[in-house]
Amino acid sequence: MAYKIVVLAGDHCGPEVTKEAIKILKAVSESKPSIQFEFQDHLIGGASIDATGSPLTDEVLDACKSADAVFLGAVGGPEWGTGAVRPEQGLLKLRKELATFGNLRPCNFAAPSLLDNSPLKPEIARGVDFCVVRELTGGIYFGDRKEDTGDGYAYDIEPYSKAEIERITRLAGHLALQQDPPSPVWSLDKANVLATSRLWRKTVTEVMEKEFPQVKLGHHLIDSAAMLMLKNPRALNGIVVTSNLFGDIISDEASVIPGSLGLLPSASLSGVPEVGKNVSGVYEPIHGSAPDISGKGIVNPVASILSIAMLLKYSLNLHEEAKAVEDAVRNTIESGIKTGDIGGKNKTSEVGDAVATEIKKLLS
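Using our numbering, you'd call the opening residue of the sequence shown number 6 and step up by one each time.
Warning: the hint list may mix true and false statements.
In silico DMTMM-like pairs for lysine to aspartate or glutamate, Cα to Cα no more than 20 angstroms straight-line [to be verified]: (1) LYS101 <-> ASP73; (2) LYS207 <-> GLU171; (3) LYS195 <-> ASP253; (4) LYS221 <-> ASP253; (5) LYS282 <-> GLU216; (6) LYS195 <-> GLU258; (7) LYS167 <-> ASP149; (8) LYS318 <-> ASP134; (9) LYS352 <-> GLU339; (10) LYS282 <-> ASP185; (11) LYS236 <-> GLU258; (12) LYS350 <-> ASP149; (13) LYS98 <-> ASP67; (14) LYS31 <-> ASP55; (15) LYS9 <-> GLU35; (16) LYS37 <-> GLU325; (17) LYS98 <-> ASP46; (18) LYS101 <-> GLU84; (19) LYS101 <-> ASP67; (20) LYS24 <-> GLU279; (21) LYS318 <-> GLU279; (22) LYS318 <-> GLU339; (23) LYS365 <-> GLU325; (24) LYS9 <-> ASP55; (25) LYS101 <-> ASP63; (26) LYS101 <-> GLU171; (27) LYS31 <-> ASP73; (28) LYS126 <-> GLU35; (29) LYS28 <-> ASP358; (30) LYS236 <-> GLU128; (31) LYS195 <-> ASP228; (32) LYS301 <-> GLU355; (33) LYS31 <-> GLU355; (34) LYS301 <-> ASP358; (35) LYS37 <-> GLU258.
Ranges of calculated distance between the beta carbons of each label pair, as one might list FRET restraints [said to hold, decoys possible]: (36) PRO38 <-> GLU258: 42 to 52 angstroms; (37) GLN45 <-> ASN322: 14 to 24 angstroms; (38) ASP55 <-> MET232: 38 to 48 angstroms; (39) GLY86 <-> ASP46: 18 to 28 angstroms; (40) GLY132 <-> LYS365: 25 to 35 angstroms.
Hints listed in this document are in silico derivations from the structure and should not be mistaken for laboratory results. Nothing here was measured: the structure is a model prediction, and the numbers come from that model. We put the beta carbon where it would ideally sit given N, CA and C, even for glycine.
Construct the complete structure from the given sequences, taking the supplied hints into account.
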């Protein structure tokens, strides 16, 4: 079977890490001839602005809508400034048009030896393994707002519907059930102050009790969770589900635990990836376009490679192959092949080559 993958390399280091990500998918198809990929390369972000005047054209958007999955490298850079047309608008439009309501950001250590890179003490960081599930299409970023028009007054409104909260809760619940035994689900809110958070907590509780009674559910206030993430992050192991604003902030806090942004993948899903069901999604490393180091062959490709593992798992339902990618990354890093940001001396392409070779061994 041939899966259609739209490839949006993007700007600066985006093409570098994208090249290694595609190398991984090719290694999978070489090992499993029954699995084939059809790649469609398109522009997004600054590269698209330079070529077309738009950060995301309708033609590219249509291709993304008809694809099995979308892989994105990185967008943005100082040369495009902060004008009316910006590279990041392409990514926001893509998420909106594909209705990717759930953003997944795992926080763990891709290899045991990476524990030494964490800013937290080893005894605190060891064993951390959770995934932040952020509601991506509702909340304060999409509510009414008023700019300061000279009257010294502005506001932003956070709207949430019960249906939006139910949808993201079901995503969290199904992700929890994919683990054996099921992972706990931790819901983060500010129910002691905010009306939307009280609706959030009530709705999350109802859905989990009714539809996922076998899954442990816990609630934390967002400020308490932010402190807990530094003091005892293992207490959040499992699935962490929260709103758009809180998820934006808490996932960035979580991203520093493993020690490098070059290690962490992400997925933005338009549906619930139940076993046997494929859902469309956008997969990308959480790091930016890194214009300061792009073109030097030193960017860490691990985040992009692990994003491919998420693509295989959630959009293509290829769990064995996804695990092989994760295992290959771990084995490669443990063998000492890694980039400078995590204490190695290898080039971007050397890491990608090593992981691809390891995948072929694991899937042979």
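Which hint numbers doesn't this structure obey? When the structure is compared with the hints, numbers 4, 12, 14, 18, 20, 22, 24, 28 and 35 turn out to be violated.
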